[in-house]
Structures are given as C-alpha cells and as structure tokens.
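Asks: Next come the chains, spelled out residue by residue.
Protein chains: 4
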Amino acid sequence: MTPNASLPTPTQAADSLCAIGRRFHARGWVLGTSGNFSVVTCRDPLRLSITASSLDKGSLEASHILDVDDACAVHGGHGNPSAETLLHFEIVRRRGAGAVLHTHSIWGTLLSDSHGLDGGLTIEGYEMLKGLDGVRTHEHREWVPIVSNDQDMTRLARIVGGTLDRHPDVHGILLQRHGLYTWGTSLAEAVRHIEILEFLFETIGRTATYRQYRSRGGQHGIAQGS
Amino acid sequence: MTPNASLPTPTQAADSLCAIGRRFHARGWVLGTSGNFSVVTCRDPLRLSITASSLDKGSLEASHILDVDDACAVHGGHGNPSAETLLHFEIVRRRGAGAVLHTHSIWGTLLSDSHGLDGGLTIEGYEMLKGLDGVRTHEHREWVPIVSNDQDMTRLARIVGGTLDRHPDVHGILLQRHGLYTWGTSLAEAVRHIEILEFLFETIGRTATYRQYRSRGGQHGIAQGS
Amino acid sequence: MTPNASLPTPTQAADSLCAIGRRFHARGWVLGTSGNFSVVTCRDPLRLSITASSLDKGSLEASHILDVDDACAVHGGHGNPSAETLLHFEIVRRRGAGAVLHTHSIWGTLLSDSHGLDGGLTIEGYEMLKGLDGVRTHEHREWVPIVSNDQDMTRLARIVGGTLDRHPDVHGILLQRHGLYTWGTSLAEAVRHIEILEFLFETIGRTATYRQYRSRGGQHGIAQGS
Amino acid sequence: MTPNASLPTPTQAADSLCAIGRRFHARGWVLGTSGNFSVVTCRDPLRLSITASSLDKGSLEASHILDVDDACAVHGGHGNPSAETLLHFEIVRRRGAGAVLHTHSIWGTLLSDSHGLDGGLTIEGYEMLKGLDGVRTHEHREWVPIVSNDQDMTRLARIVGGTLDRHPDVHGILLQRHGLYTWGTSLAEAVRHIEILEFLFETIGRTATYRQYRSRGGQHGIAQGS
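Chains as they are written, first to last, in this note's numbering: chain A, 13 to 238; chain B, 13 to 238; chain C, 13 to 238; chain D, 13 to 238.
Among the clues, some could well be false.
Which copy? The list can't say, so a pair holds if one copy fits it or any two copies do.
Taking lysine to aspartate or glutamate and the EDC-like style, the derived pairs with C-alpha atoms no more than 20 angstroms apart in a straight line are [unchecked claim]:
(1) Lys142 - Asp181
(2) Lys142 - Asp162
(3) Lys142 - Asp81
Treat the hints as calculated values from the structure; they're not laboratory data.
Isolated chain A, as found in the complex (with noise of 0.2 angstroms):
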C-alpha cells in the first residue's frame, strides 16, 4: 500500500459513505444498524470522517457522517461516535489505510462462526484474489484471521492490531458472529476488497454444500425424465 497524498475532504468523504451505504444496504451487507465505513481526511493530526452509531446505513445523510479525531472527539457531524471507531484507527495506523469498511453480512457471519476454533480461514486458487491489493495471481492463498468477538472495544482494538502485526499479509479479518473489516489505500480500493472477500465468501460457503452432493456420486445435468 502506497501513501495517498489526494486525500478527500470532509464534504466529499460524507458524500462517498452515504453513496455506499445505499449501495451495501442493498445487497443486505449492513441490515439493522449494523456496518460502519470511514475515510481518512488528514494524516497528521490524523482526522477520519466516519459513520455516526446507530444510524440505518442505507439512508445516510451527510450529516450523519462524523469529523473525529484519534482521541475521538467529534469535530463536525451530528450524532456519536460508535466504540467500533477505535478498531478504524488501529487499522488505518497499523496499515496506513486511507478507508476502513465493516459489513455484516449473512455468509461472513456464517463462517466466521463455523471457523471461529480454527482461528481463520484459507482462501485459495480463485481469480477473483487477484483483484486483492498486490496480488498477481490466482496461485495465491490468502488467510483470514477470525477473532473472538468483545464488547470491550479497547481490549478488542488491541487484539486486531495484534493480529495484524502478526500476519502482515492479510487483506481483512471477521469478527466472530459479527462480521468482516477490510481496507484500502482509498476508499475505492476498500470497496473493491469488501466486494471480492463477501464474492468469496458466499462462493466458498455454496460450495461446501454443493460438494457435499458431489462426494456422494451425485450427478447433474443429466435430468431425462426426472
């Protein structure tokens, strides 16, 4: 990951997280009041505009969006600060991300769940990992670090950054029963690793059960007379 220097501003990061929130919401990727999505605005102080808590992630407004800085305390915007907003800046120090974006999806949730003991899960040979920051070929194996979840969000914010420090390599994380965190240099970037890791997995959550079929001899395809 690159250093940015075109960062958005305020104006123009509120507008950017009201238009994807709509767009997540409709995929059913931030159902309830779940999901939070941020942007940096400036690197030093470190300043991040970031959704409000509680708020129904597809009717955004740009008000809804907050100016917060690293110790929290909210410089433009209406509403408050989530706890979650201590995980964005542990990512966004930890990986000198530009966007930080949480969904909650139904097939994260599922395998963050089922794979919680294992600690992950692997990913590997499909294509669409190419379209992962820095990563040339299907031949890659991306893990994803599952952590338990917590409602304490400073010792919760202290385990991610250790994971990351931990596994350098990784594009996201899900929270167990809760759901992914991902990143990107911009904000763009961000939304193009959620879009590829919730593609993945729903893809390896299918297959699994499709599989299950397959090992059993089934057949397909061929279907003459019932």
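Position chains B, C and D relative to chain A; hints supplied.
Replies: Below, chains B, C and D without anything else, positioned relative to chain A:
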C-alpha cells in the same frame, strides 16, 4: 421501550408505510398481498394508521392506509382493515408499541414451520442481536416464540397476547408457516427489528445447512485441481 | 372467477405488460428471452395483448406487445406471436381468465424437474396460499400439476387443456424443466398468483434442504465458541 | 451465426457496455473489478470496443471503454486494455462473434471448480437452452468446456482457441475458479447467452443440493404440525 411523545400524523404515517412497503417488497418479504404495517397516531383514544387488506405492498398509495380506532372502525382511507388488525392492537396495548410490522419471508416461513413443535427458537451469540431494543451485548439469548397459525383472529390475538405476557423480553413472534410480527417504540425501531430478525433467520437457516457439511469432516477453500 | 366487465384497452394492456416485464426480470424470473404475458382486451371476439416472441422482458416497449385474435393473426404491434400463444388462448378459454402469465424461475424449474415423475406437487398448510383466488384458509391443499415439456404446441395446448379440465381447482401448472403458467380474472390477480406460487416454490425447495439437517438431530442458533 | 452488417460505432458500443456493466453488477456477476466486455466495431481491420482493466463495472463511463486494434494498441478511451483482451480477439476470430462477454458469478465459479477435473459439464433437457443461438428444442445437450485458469494469457488464449475448434457447437467456456466467457453475433445475443448460462448454472447447482434430499426419501410441502 419508552413512550414516544411525538407521534406522526396520519398523513406522515401513510407516507412512511408506503415507503416501507416498496422497500420490503423489493426484498421479497411481502410478496403476493402478504404482510401488514401499522403506526400509532394517537394514544388516547388509541388510533392506528394501518395498511388496508389484500393489497400489493410494493405499490401502496397513501389512500390505502386506513385510520382506524380500537373497535376497527375506519375514519380515513379507502378499503377494509384486515382481520389481523386485531393482532396489531393486541401488540400495541401489551407492549406500548408505536409501530407494528408483519413480514412474510421465506426464511421466517421455513423456520416457523420446521421449529413449530418446539414452540419457538433460540438465537444466541450474534453481534446483530445488539440492534434489538435493550440488548447490550452479543452474549444475549433471544427466544422467538412460534404460535400456531389460526384463521380465528379473536382467538389468535388472545394467544399472541398471552405469549407476550409470558415472555416479556421477546422482540418478535413467529406465526407458524405464516411470518413474523415485531414492533418498536417508533416505526424506525420496528423496521430495524424486522431487518435484524430476518437477517438472523436467514443466517441460522444457512448455517445449519453449512454445518452438515462440516460435521462430516469437510474442508473448504483449498481447492487445487478441483 | 367472475367475468370482468372492464377490460383494458390494448394501449393500457401494453403499458402494464412492459412494467411487469421489468419487475419480473429484476427478480430473475424471465431471464434470457424466457417468459410471456397476455391480457384479454376483448371477449367477443376474443382478443389478447401478448408479448412478441424472443424479446428481453426487462426492456419491453409498447410496440413489442401484439394485439392477436384467436387464430393468432396479429392486428397491432411489431414482431411475431410466440408458439406458446396457443397455451394462453387455451387457458383463457378453459378458465375464463382475463390475464395469463408465464415465468421461468430457478425454483420452478428445479421443482418441475425433480417432481416431474410424480405428475405434480402438493403445497399445504401455508398462510400464503390464502392469496390464491377462492382460498380462505391456510388449511388448504393446493395441487400443482406438472406437464411434460413439448415443442409441439398444438399437442401441448391439448394436454394443458385436459389437465385444466381434470383439475378444476388448480391455480397454476408447471411445464417440466420449463416454468410456471398461472392466470387471474385481472392482470393484478395473475401477478399476485405468480408472486405467491414462486414464493411457495422457493420455500418448499429451501425447507427440504433445511430438514435434511434437522432429521439428523441438528441444533441451531446455540453457537458458543463455534 | 451470420455476419452482422450493421456494426455499432465506438460511441454506441461504449454506451451499451456501460449499461451492461450496471446491470450485471447489480446481479453480482462482476463484483470487485471482475468481468470484461467487448463489441466489434469494425471487421476489416478488426477493431474492438472493450472495457479497460481494473475498473468497477457498476460505474463505468464511456471514457473507460477502449477502442483497440488486434495488436492491442489503444486508439481511443482512457486506461489500459486488460491482458484478457487476447481472449476476446481469439473468440471473435474463431467464432466470427460481434460481442464477447465475461462474467464472474458465484455459481459459475462454483461449478467450474467442482467439475474442473471432468473438463466440462453437460446441461440437458431445459427449455431455457432454446435461447442459445441455433438451439431449437429443450432436448438439446449442451457441453460447457472448463479450461484451467492461467495467468499467461498468450498460452490461455491458445488453449481457449483450441477448445473452440474441437467443440464447434459450444456457446460458452468456463475458466476454472474464474468465470464464464460467452459471445454472440450482436451484443444483445451475447447478453442473452450470459443470462441463460448463468440461470442454468444456478439451476444445476441448486438442483443437485435438492436431490440429495429427495434421494433419501424426503417428502415436502406436507408439513402439518411441523
């Protein structure tokens, strides 16, 4: 749930319910003429704005929303109140709700059918549960009662009322092979509860199928050479 | 079904059918150039407004809707009537229908294939059944006949006609590995029947898969530590 | 396939490809920056309008569509041709196609993975097959070859070319764990082929899972008292 002093007018309620109809119809939660929605517009005497019977919820107009009193007499709007209006009043009275929403999704129908003999289902350990009113941690155990379906609405309303009294903490009720009732202090809270419970129904349903695979020692994602 | 005195004009019918095409295409029920839709615009002599052959149903224009008589002669619109026009006339005559709709969904194709040897499938006990014309309770048993697919439309129309006569209470017919035909007094009723039957097909299909899990003693939703 | 005298201009082609991008992105067939689309705008010398590399297909603008010659030199538009441009030219030359479309769906990825060792999959007996160019009956047996994925596009183009020559009747090719290539005389025909093949992939995938249930003697739809 705290009483909400600022109730919507019938006109505001009608616009909101039409928008919810389009939104839920797009997700496939109110196909055919299924589903019904209500909002409290006056507490004393009690008045509801509620969808008229037998309408396509994806193309509601303001005139399709009835202004009804608690004897089901219609004071505004065109059409007839559905028999299920009794259930809405029952929930409003027992819970002090400001809005009641009823959806009819595939996953709600599936779970209410397959778990009907258990009298309900437990949902536990999901971050998404925190979006339910009063829930503060994912370490929450939500019981969703399942009540047998019945065309005698007076009897069904009495049974639903008794279920609400016996389970003061529940956030929704499933009618068997029929669908979900949930509610909220405000319409926004009731919409949030619908999205959360429908998300959790689909997650539970898909997870069960996926775990079948896992319980037979299946591996995933490592898929070289098929 | 009662005769409907106020039939739409061909112009009204064309606008309605174009809108239905966009709606069903969005749901994935008429992909490729599959599906066809008709409305009766005159009873004596019988005249149908019907979608022309081989068109993308998601981008229909009014000129794509043909005004045809019961000898399949075209009196308005551009294009050719599909061979399946014979089926529409057969259903209109035998049922006195005012509209006939044919969709081609994944779940309809799946069930019509897997249950073809049974000659049909039973759907029973669902509240959603009450949306079918004349059904008053969820304790209804709906038989959906499945007819073998055939490229000889004269022969297929005769077989469909015979099936309608032998089963006077059915609300729809599946053609094997092909799709659903349903109808209604009005176009609105036919759309309602499509949404209800497609909902029930998907519900039945998913429930069968879910029950596999249950029948092996599976538990759900209680998912601590994976 | 018959030669199409009236080729689109590069401007017309660009508008059409942007619209297709929005449509396929909404269906989840080109997430991340996956997928690419081309249209022939001149036969002699051969010229393609083709999507530039590494773009979100849901928000394409006309300037993102490149006007390239068969040496991959860019004569219009901003951006770089993707390496897969070689595959487009290979298909255009061997099939005389007027348009080539590549999608990257979940079901295409799943089947191309699970059936990769078989070298392809057979789809037979579905009415939907009749929408493929030249197919006149549902009693058609369509072979969809599956080719191993490869980052060496020169080599992959040669292998795809050989596969096209050995299987002159196929309407599409799957790249393993990568996605679908199909084509048509016109762009409209190529879009139709995508919708049909993607429909059939999902139908086959879901049918296999459903039949597992049936093969164990399962019943459905008769679900009294759970």
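Asks: Evaluate each hint against the coordinates.
Replies: Here's how the hints hold up against the structure:
no.: 1; hint: Lys142 - Asp181; verdict: within (14 angstroms within a copy, 31 angstroms between copies)
no.: 2; hint: Lys142 - Asp162; verdict: between (32 angstroms within a copy, 12 angstroms between copies)
no.: 3; hint: Lys142 - Asp81; verdict: neither (34 angstroms within a copy, 26 angstroms between copies)
Against the hints set out earlier in the document, a violation occurs for number 3 only.
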